[in-house]
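J.: All chains, full assembly: derive it from the sequences and hints.
Keeping their order, the protein sequence lines are chains A and B. Residues 1 to 161 in this note's numbering are what the first sequence lists, from first letter to last. Residues 1001 to 1782 in this note's numbering are what the second sequence lists, from first letter to last.
FYI, nobody ran anything at the bench for these hints, they're computed from the structure. Wrong hints could be hidden among the right ones.
Subject to a maximum C-alpha distance of 27 Å in a straight line, what follows is the list of computed DSSO-like cross-link-like pairs (lysine-lysine) [claimed, not checked]:
1. Lys124(A) with Lys1448(B)
2. Lys1449(B) with Lys1773(B)
3. Lys1013(B) with Lys145(A)
4. Lys124(A) with Lys1452(B)
5. Lys55(A) with Lys1773(B)
6. Lys1016(B) with Lys92(A)
7. Lys1089(B) with Lys1016(B)
8. Lys1779(B) with Lys1449(B)
9. Lys1147(B) with Lys124(A)
10. Lys92(A) with Lys1013(B)
11. Lys145(A) with Lys1016(B)
12. Lys1537(B) with Lys1013(B)
Each pair of labels, with its calculated beta carbon distance range [stated by the list, open to error]:
13. Pro1093(B) with Glu131(A): 42 to 52 Å
14. Glu1399(B) with Glu131(A): 38 to 48 Å
15. Glu131(A) with Ala1780(B): 29 to 39 Å
16. Met1058(B) with Asp19(A): 16 to 26 Å
17. Ala1235(B) with Asp19(A): 42 to 52 Å
18. Arg1126(B) with Glu123(A): 38 to 48 Å
19. Gly1522(B) with Gly81(A): 31 to 41 Å
20. Glu3(A) with Gln1539(B): 44 to 54 Å
21. Gln66(A) with Glu1120(B): 16 to 26 Å
Ideal Cβ positions, reconstructed from N, Cα and C, are used throughout, including at glycine.
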Amino acid sequence: MAEISMTVNGRKVTGTVEDRTLLVHFLRENQGLTGTHVGCDTSQCGACVVHLDGKAVKSCSMLAAQASGSDVLTIEGLAEGGELHPVQAAFKEHHGLQCGFCTPGMIMAAADMIRRHPQGLDEKTVRAELEGNICRCTGYHNIVKAVLAASEAMSGKAKAA
Amino acid sequence: MGIEGIGARVVRKEDKRFITGLGRYVDDMVVPGMKHAIFVRSPYAHAAIKKIDTEAAMAMPGVIGVLTGAQLKDDGIGNLICGWMINSKDGTPMKMGAWSALATDRVRYVGEAVAVVVAETRGQARDAAEAVEIAYEEMPAVTDAVKALEKGAPQLHPEAENNLIYDWEIGEASAVDQALDGAAHVTRMKLVNNRLVPNAMEPRAALGHYDKAEDHFTLWTTSQNPHVARLVMSAFYNVAPENKLRVIAPDVGGGFGSKIYVYPEEIICLWASKRTGVPVKWVADRTESFLTDAHGRDHVTEVSLGFDRDNRIVGLKVDTIANFGGYMSLFSSAVPTYLYATLLSGQYVIPKIHCNVRAVYTNTTPVDAYRGAGRPEATYVLERVVETAARELGVSPAELRRKNFIREFPYQTPVIMNYDAGDYEASLDAAMREANYAGFPTRRDEAKKRGKLRGIGMSCYIEACGIAPSQAVGSLGAGVGLWESAEVRVNAAGTIEVLTGSHSHGQGHETTFAQVVASRFGVPLEQVSIVHGDTDKVQMGMGTYGSRSGAVGASAIVKALDKVEAKAKKIAAHLLEADESDIVIENGEAKVAGTDRTLPWFQVALAAYTAHNLPEGMEPGLKEGAFYDPTNFTFPAGCYIAEVEVDPETGHTEIVQFVAADDFGNIINPLIVEGQVHGGLAQGIGQALLEGCHYDPTSGQLVTASYMDYTMPRAGDLPSFQVSTTNTPCPGNPLGVKGCGEAGAIGSPPAIINAITDAIGNNDLSMPATPQKVWAAMKASQ
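T.: Here is the structure:
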């Protein structure tokens, strides 16, 4: 068993877990944060993407113990002060989700993508960057639209500030 | 149309919980005392089970129970069934082999469940599952349906000689032979429709909870139709009577058909909960999904299409072998018969059609309906052979289609279907305009200068949705009726709850159904809630598949709204001292037409519940239910045009343009309809270019059992789509809607393959058109 502690969505948490416990299972089962999903066993689908110390990671691909001491942000912690994050708002506005299962991972990956491209994004880049996230419902059409719109909204905000 | 009513581009009400991580899927459910199940599955495609020893597993840490098929039989749990009876052409009923939820003496596909371990944690259950000792005696396996019919092939079920489940036909063979004999030109092709894995992103899951105090079961499950699941588990599998079994399908992460069926794991979680005395949860991992979710397609077909001297079609002959896998899944028998052969007339006047279908057992995962179910297979056959015929005849593929279009409605095809409405020329013209079809030669020449082979291909599809008139499907062998139910409950202060038997697993019913209600009374969308997916709340329903929720589910809502409106008008007339026929309800109030006398909607509702002043003899309350049984199928149709560029060096195909022009009849929410088309297109393009299920022919192992091996379409594989709609309203239902969920997956595969074969100059190309296959076909034609 491993004793672990980390910050999750701004809150300090601790836990005792089996050594083999993956970060995603720690979040879902120990923390009750079920917004982060498991869609495959081979780190391909991206439904489990969270931010670890500010960067997007697949939480199925690391042990909870490896994340000990880190700062984790999950989909539940993305909206601030009751206001949707621009990526969340854009997914809603552009119908970038259907069944919603891949959505948390998509949104977390997209937020990271936009952070890494402060100069803005084009369709080709968005499609290439989404390689690690699988959606079966939307055909990606409206996801791409949503990410581009969010990128624009966020760079606009950055410029205004 | 109001800003929130029918026809409005309303963003979805349900999105908020999904984008904030607050959706509630089965794996998110926790009940006190819940334990975890892991299934022990066959590693062999075909083997006899000689012995199962659970002793070592029972001794493992955390293990609560290890259960096998013998115990299942002891408890009287029934075998899985196929619920649609098909008779062979000689009149004999289909040959259904026994399928136990846990195998006892023989396994017939890799992944078949043999035992289940229940333990404190999922990890402990997994460890213990590896300690269950099963002695197998491996037997020869067959995975290919054509080979399974050959003499000397391994035999799967004693009930089905030569692995043949049925040998069915529709139409008159001799009449078609005669038409083809007299034809000026006959195009013949052999086509394979590749086997697919549905791959809903949420893996299947089940949580069974037996309540000893009430002798009552609750199942949370990933189902597209919880009521059908309850009915089947109760009436056929003997899990529990309906009044002692509650089935809840909460948020479900995609279905595409694969979550229609009742699977062994759902039965076992309920049964194991009673056996072990703890709530039992099982969640598939992705490889389990690949191995055990019902697969789709897998047809081998020979087709002949005959034309007269004027290029009019004279006859169509189709001979199909359909791979059913190791067992008959719940609705498997209907897919290659009444959902396939009945669509072979497509958009064309075809005087004579004959189709023969042989359904075959093989040592593979059971096959059933997957997005489109039979209709993509029919469209692929017809649209490839029509395009190829145009090339052979040296005429424009568009004009050959146009010449043969059905133009008068209703139109009775030779294969049962009676098309009620359509305008195929309108969608063809719309697609050709949008694709700038006329400008293609210039684009092809320009591409050639860049060293690319550019091709264009089209597909004019039809589908039958809104399944289905109960009496009609009953006469064709269905074990259930295919109506839908709804209940509209107006609360005392005027908010409205709609209970529906449809189930949303991505389709956006919470928004579109609310739009239908908001339109009727002019109440704000947020005052309307849609309740679905729980057999304790909704009395009965048939669920969501076959693009039926709009045409059938919403029609039931409309019927219930009619009754609510009639009663509300009586109440308003009484209170406003007016004649009932003068009352109109709109914009959230009841008013006397032509006057300024009005009553807010909430006061009508309140009056119904206070019952202080109701018309004489009227019961209090404002709540009405309805069952809607459709009178016909609906017939969405459209034209898709794909344009591709093939790299002659590598065989790689890039889709440079994809145009879809669909006729879905009236549309409730264009935003959601477009999303449905996009998703369908991605699955159809996936089938055409990327996806394919591969079994090792000797061992019967599924080689493509993970996302490392099965090529799912990713964002970079697809273009943005150009989608638009034309509209001939459906005359058969009150909203004039047809259904839009499957069209994309039905119409797109032949459009893509027709485009590639146009580019490379070789009609002989099979799906998925991987670079290797395209390159080989290109070389073969040079």
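J.: Each hint should be assessed against the structure and marked as holding or not.
T.: So, going through the hints one by one against the coordinates:
no. : hint                                  : result
1   : Lys124(A) with Lys1448(B)             : holds (23 Å)
2   : Lys1449(B) with Lys1773(B)            : holds (24 Å)
3   : Lys1013(B) with Lys145(A)             : holds (19 Å)
4   : Lys124(A) with Lys1452(B)             : holds (20 Å)
5   : Lys55(A) with Lys1773(B)              : violated (40 Å)
6   : Lys1016(B) with Lys92(A)              : holds (8 Å)
7   : Lys1089(B) with Lys1016(B)            : violated (53 Å)
8   : Lys1779(B) with Lys1449(B)            : holds (20 Å)
9   : Lys1147(B) with Lys124(A)             : violated (44 Å)
10  : Lys92(A) with Lys1013(B)              : holds (9 Å)
11  : Lys145(A) with Lys1016(B)             : holds (18 Å)
12  : Lys1537(B) with Lys1013(B)            : holds (21 Å)
13  : Pro1093(B) with Glu131(A): 42 to 52 Å : holds (49 Å)
14  : Glu1399(B) with Glu131(A): 38 to 48 Å : holds (41 Å)
15  : Glu131(A) with Ala1780(B): 29 to 39 Å : holds (32 Å)
16  : Met1058(B) with Asp19(A): 16 to 26 Å  : holds (25 Å)
17  : Ala1235(B) with Asp19(A): 42 to 52 Å  : holds (47 Å)
18  : Arg1126(B) with Glu123(A): 38 to 48 Å : holds (42 Å)
19  : Gly1522(B) with Gly81(A): 31 to 41 Å  : holds (34 Å)
20  : Glu3(A) with Gln1539(B): 44 to 54 Å   : holds (51 Å)
21  : Gln66(A) with Glu1120(B): 16 to 26 Å  : holds (24 Å)
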